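Please model the entire structure based on the sequences and the hints provided.
2 protein chains.
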Amino acid sequence: MAISSIVLIGAGNVGFHLGQAIHGQLGIISQLYSRSISNAALLGDRLNLPYVNRISDIHPNADLYILAIKDDAIESVAKALMEQIQEEALVVHTSGVTPSTVLAPYFKNYGVFYPLQTFSKDKEIDFSTIPICIDANQISHQSDLKALAQTLSPHSYIIDDAQRAILHVAAVFANNFTNHLFRIAEELLAKNDMTLELLKPLILETASKVQSLPPAEAQTGPAIRGDQKSILRHLDLLASDPELQNLYLSLSKRINPDLKL
Amino acid sequence: MAISSIVLIGAGNVGFHLGQAIHGQLGIISQLYSRSISNAALLGDRLNLPYVNRISDIHPNADLYILAIKDDAIESVAKALMEQIQEEALVVHTSGVTPSTVLAPYFKNYGVFYPLQTFSKDKEIDFSTIPICIDANQISHQSDLKALAQTLSPHSYIIDDAQRAILHVAAVFANNFTNHLFRIAEELLAKNDMTLELLKPLILETASKVQSLPPAEAQTGPAIRGDQKSILRHLDLLASDPELQNLYLSLSKRINPDLKL
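Chains as they are written, first to last, in this note's numbering: chain A, 19 to 279; chain B, 19 to 279.
Among the clues, some could well be false.
Pairs involving identical chains hold if they fit within one copy or between any two copies, as the list cannot separate such chains.
Below, computed lysine to aspartate or glutamate pairings styled on DMTMM-like, alpha-carbon distance capped at 20 Å [unchecked claim]:
| no. | residue 1 | residue 2 |
| --- | --- | --- |
| 1 | LYS141 | GLU235 |
| 2 | LYS209 | ASP179 |
| 3 | LYS164 | ASP144 |
| 4 | LYS164 | GLU106 |
| 5 | LYS139 | GLU235 |
| 6 | LYS247 | ASP276 |
| 7 | LYS278 | ASP144 |
| 8 | LYS139 | GLU223 |
| 9 | LYS164 | ASP211 |
| 10 | LYS164 | ASP276 |
| 11 | LYS209 | ASP140 |
| 12 | LYS271 | GLU261 |
| 13 | LYS247 | ASP81 |
| 14 | LYS247 | ASP89 |
| 15 | LYS247 | GLU93 |
| 16 | LYS271 | ASP245 |
| 17 | LYS209 | ASP178 |
| 18 | LYS271 | ASP259 |
| 19 | LYS126 | ASP276 |
| 20 | LYS247 | ASP179 |
| 21 | LYS247 | ASP90 |
| 22 | LYS209 | GLU235 |
| 23 | LYS139 | ASP276 |
To be clear, the hints were calculated from the coordinates, so they are not data collected in a lab. Note that the structure is predicted; figures quoted are calculated from it, not measured.
Laid out in structure tokens, this is it:
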């Protein structure tokens, strides 16, 4: 099967951008569903597509149904959708967290189409830079999804459920925890009459560096240099927050296990 | 005093870029010194400036001497330079770590001129994006250095020694520790047949987001959502590395102290 008609289910942040990218490239989305009629209208009008907000109004004959909806809604929508569509249809979700197998009780053909980026409606996104992680319970559908992904981005990967779970933990470190370190920096600065403005170019450069250099080679700072004098001075400056001292210490020791601290 | 002649001492990564920026804007560097004659020649030829590698050959009559040298060389070079130059000269170092007061025993007028970015010779840098942190023991020299900084970048700040020490800790969190989190992510991926390519766009977006949004508002992920199910699943995936589990847990609890973990 080549995919020639798609129903997009969900018009939140992911659906909004994914819908535009697919329809812009291929023009093969035939219908849009959102529980919220205002979200459905916003995207439907933009793409000039019919939209509905009742599952019973969804076209039954599409090749592919993309569930771009919240994790905790996937199962209930899948259950309702099963009643509505052809048995041969391929159904994928776009989640980084939910196993593909939650779809198994409802569909013969299922998979994942997960664009790995954070999306917000008010920020344009160049889809061609985004890694797309796909999977399907049938090899032939893996190829179909891969072909679809490749029309959007040269960066597509077949990633199974076990890998995707690891990918999500890794993203927590690289994105969520990193952002929290920025917050720690900002709070340290604010307490001393400075602002994060001072570090913003350095933050960009840090992220930019690992685009071409492995993090192990890009590592700088007192820990990797074995500069214990600076480390002790820093621990002293953090004395009012023992938890933060511990965090500083455990990250420093991970960077350089030879430190005597 | 307005600064009309500068001797640049050091032609390493900082000296290389700072020298080009100042001389390009103002043309007032009169001489270059480096302990390494090959480094001196590289930059001296590029800027068409006289260069020396003996402190006794340094011009004695410049208004400003900039020590762009390693932290552990500052004191010894300062001591030797003191014998060579006029008493009224202003001497600054470019370090984020060393207090300005290490220069106090040697010079009547001293300070700091610290461009806050990581530099490497093979990467062009747009100096106009770089925050420049300045300080001086005399108010009038603060103004002189501020005027000099403003010719290079609109982002100049008067930052005293105590603030600069905090700034350095904050930079360790925002840059060094962040880079280590990228490494952790890379290792998790590698163990499961994936590469950091998958996360590079997300890493760039994370750094890009906090350029315009405070980190507290940019925070996403299981911890801030209170998604304990995902957190427990992640801890389970990290079970082979208890130290990494602890790091995951302490960062998650800092992000959301209400988590029951």
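| field | Violations among the numbered hints | value | 7, 10, 11, 13, 19, 23
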